[in-house]
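Colleague: Letter by letter, the chains look like this.
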Amino acid sequence: MLELLGEHIEKQGCGKVAEKKLLGWREIPIGAMNDRPGSSAEYHIGAWRTFRPVVDHEKCTRCGLCWIYCPDAAMQPREDGYYEPNLDYCKGCGICANSCPVGAIEMVSEVR
Amino acid sequence: MMLEIRWHGRGGQGAVTAAELLAKAAIAEGLWAQAFPAFGPERRGAPVLAFTRISNNPIKMRVQVYEPDIVVVLDPSLIGVVNIGEGLKQGGVAIVNSAKDPAEFRRIFPSASKIFSVDATKIALEELKVPIVNTAMLGAATKAIDAIPLERVEEAVRERFGSRIGERNVRAVRRAHREARLWESG
Amino acid sequence: MAVQVQQKRTALTGNYAVAEAVKLADVDVIAAYPITPQTTIVEKLAEYVADGIIDAEYIPVESEHSAISACLGASLAGARTFTATASQGLALMHEILFITSVLRAPVVMAIANRSLSAPLSIWNDHSDSMAERDTGWIQIWAANAQEVFDSVLQAYRIAEDRDVLLPVMVNLDGYILSHTVEPVLVPEKKLVEEYLPPKPLWNRLSVKTAYTLGVVGPPEYYFEMKYQAIDAIERSRSKIKEADEVYGEMFGRSYGVMEHHFMDDAEVALIAMGSVAETAYTAIKRWRERGAKVGFVRIRVFRPFPAEELRDLLKGLKVIGILDRATSPGSLGGPAFAEVSTIFVNERQRPLVKNYIAGLGGRDVPFSGFDYMIQRLLEAAEKEEVDVLCEYVGLRE
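Protein chains in written order, with our numbering: chain F, 1 to 112; chain W, 1001 to 1186; chain C, 2001 to 2397.
Source of the hints: derived by calculation from the structure; they are not laboratory data. Mixed in with the good hints there might be a few duds.
As the list claims (entries may be wrong) - Calculated lysine to aspartate or glutamate pairs in the EDC-like style (CA-CA distance at most 20 Å, straight line):
{"no.": "1", "chain 1": "C", "residue 1": "Lys2318", "chain 2": "C", "residue 2": "Asp2264"}
{"no.": "2", "chain 1": "C", "residue 1": "Lys2008", "chain 2": "W", "residue 2": "Glu1155"}
{"no.": "3", "chain 1": "C", "residue 1": "Lys2044", "chain 2": "W", "residue 2": "Glu1042"}
{"no.": "4", "chain 1": "W", "residue 1": "Lys1114", "chain 2": "W", "residue 2": "Glu1104"}
{"no.": "5", "chain 1": "C", "residue 1": "Lys2189", "chain 2": "C", "residue 2": "Asp2028"}
{"no.": "6", "chain 1": "C", "residue 1": "Lys2008", "chain 2": "W", "residue 2": "Glu1029"}
{"no.": "7", "chain 1": "C", "residue 1": "Lys2293", "chain 2": "C", "residue 2": "Glu2379"}
{"no.": "8", "chain 1": "C", "residue 1": "Lys2008", "chain 2": "W", "residue 2": "Glu1104"}
{"no.": "9", "chain 1": "F", "residue 1": "Lys91", "chain 2": "F", "residue 2": "Asp80"}
{"no.": "10", "chain 1": "F", "residue 1": "Lys21", "chain 2": "C", "residue 2": "Glu2224"}
{"no.": "11", "chain 1": "W", "residue 1": "Lys1143", "chain 2": "W", "residue 2": "Glu1155"}
{"no.": "12", "chain 1": "C", "residue 1": "Lys2318", "chain 2": "C", "residue 2": "Glu2267"}
{"no.": "13", "chain 1": "C", "residue 1": "Lys2044", "chain 2": "W", "residue 2": "Glu1159"}
{"no.": "14", "chain 1": "W", "residue 1": "Lys1060", "chain 2": "C", "residue 2": "Glu2289"}
{"no.": "15", "chain 1": "C", "residue 1": "Lys2226", "chain 2": "F", "residue 2": "Glu27"}
{"no.": "16", "chain 1": "C", "residue 1": "Lys2208", "chain 2": "F", "residue 2": "Asp35"}
{"no.": "17", "chain 1": "W", "residue 1": "Lys1143", "chain 2": "W", "residue 2": "Glu1042"}
{"no.": "18", "chain 1": "F", "residue 1": "Lys21", "chain 2": "C", "residue 2": "Asp2364"}
{"no.": "19", "chain 1": "W", "residue 1": "Lys1060", "chain 2": "C", "residue 2": "Glu2259"}
{"no.": "20", "chain 1": "C", "residue 1": "Lys2226", "chain 2": "F", "residue 2": "Asp35"}
{"no.": "21", "chain 1": "W", "residue 1": "Lys1060", "chain 2": "C", "residue 2": "Asp2371"}
{"no.": "22", "chain 1": "W", "residue 1": "Lys1060", "chain 2": "C", "residue 2": "Glu2267"}
{"no.": "23", "chain 1": "C", "residue 1": "Lys2226", "chain 2": "C", "residue 2": "Asp2134"}
Model the full assembly from the supplied sequences, consistent with the hints where possible.
Modeller: Right, here's the structure in full:
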């Protein structure tokens, strides 16, 4: 189980933040400020996930509620209007499945 | 020269305003002054105190006034309610809003060398149509302060109350200044 | 100082002196909670905004916590901001004060110093701002209405200096300064504009410069981010002096980080803060006239604490007395006493120190109180011993 989780973290590319050199107080912007807009896109939370959402396009009405409710940036519309999760930003919280009015999203265990 | 003046009134009668206007007049005359209320919540009708300190030098002290040179009593009904003579310096001056003869207040101000009385309520009712006596008493008080010309007081009153009400108050100032009666010791 | 500028001699309360300075400083946002313990400072400012005399946004918020939060946000968006409060209101701001300093928002705030409940009190002492001395704000303590006015203008120049970018608290004694009318010289606006830094300020948020402000500081970064604000308040020392000196050149009045008199041959000295120092000065002057070798010191800037300046001034003395108008229950004495005591901690030769606590909750500190304090200092100097470290002067047994 632990091995599996370790492999999973490696695959998701997490743990990289800790490898970065820590900056000194003169090197960081003042005022508890992040001066790189959009840098949270670099922050991948996929390794936190134990369940993944799987969308049944037969049932999906393309209403977009899963996209609205997703607290991160996982649920994204495709060109055809159907929604698919970008698993880099999915921690498996299940809010999308819970918010789907037609039950088109199923949370499937990551541990097989 | 350092003069300390204590104003006695009731909440809403304008004692604090009178104390401030006298300070403003002093400052306009190029003197130094402080005006402050007895610190605390404001309560209409309750006996209140206000103070003015005047000097020809910067005033470097932040203490209450314990031994005033001058006491001004805006409301004669305060006599007997509060000790209006308390701490008045030997040779000090008292100014009372009253139609009575100033000599009648000698017992209340045993340390005073001069006592003025003026019927400020009558003046206020005639000039302002309301029994707010602070500007009249300010005019009477100016009699006891040589360092401040009456014109400075009139200017301060005009600035505070604007042209129309200001003029009426200036009339009250002038009348009280003129009508105040003096008792002088020995 | 021969300064040839037009300044109007005006009769103002301490509160209105603050309002005049804020008016001249051309602020953009004023946020305040309008009810007790609020002052007439923001009442006057609200009137100025309503009458179009100041072109600023006036936000009547629902609490002091919101007032300082609104100022923080507006300041980070590049606005020149102002708020005022006292006692319980300042206490309610407490958590945001730490955030304001580390986020480096140059907010200027006036505090009409009052005691903290309980018992319920609306009267003066220094408990409120002393309790906020570790929040990272610069603290200026004024002794009269003119200094209040001047300090507010200096505060904007210090706060907005690119090397500082910290909030500044200007302290004026509640009632004793806030409600007392006295003469204040008010300069022309044009000159004030020249004195203050140009707008717009640092970090003006716009679509082009998107920042995340107030990020999480995990243990790997909290220390560094906090230290930046510590470094800034250290660097503010020279900027505070500069702001005061330039003010002196332009307007003819400067104060230093501390004020002192009769120190040349003094054997003992009394240190005070705020308006009570004016009484202390006069009391000491009277003792001097009778030949007592007593000196007078007033600490004006309490944060950053002028430790070096005080050490140089006080090192040769026999006994130092420190008057606190606040307490720190369970410690050896009041907060100013603790602070002054530490400046000699590694010195071999050092004066004895003695603490007086007086004037809590609006209790008057009369001349007789100062006479007692000075008398006791001279006694200690003669005996070369401090018998009671902390004395409560004016307390009834």
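Colleague: Give me the numbers of the hints this structure contradicts, sorted from smallest to largest.
Modeller: Hints 8, 9, 17, 18, 22 are the ones this structure does not satisfy, whereas the remaining hints hold.
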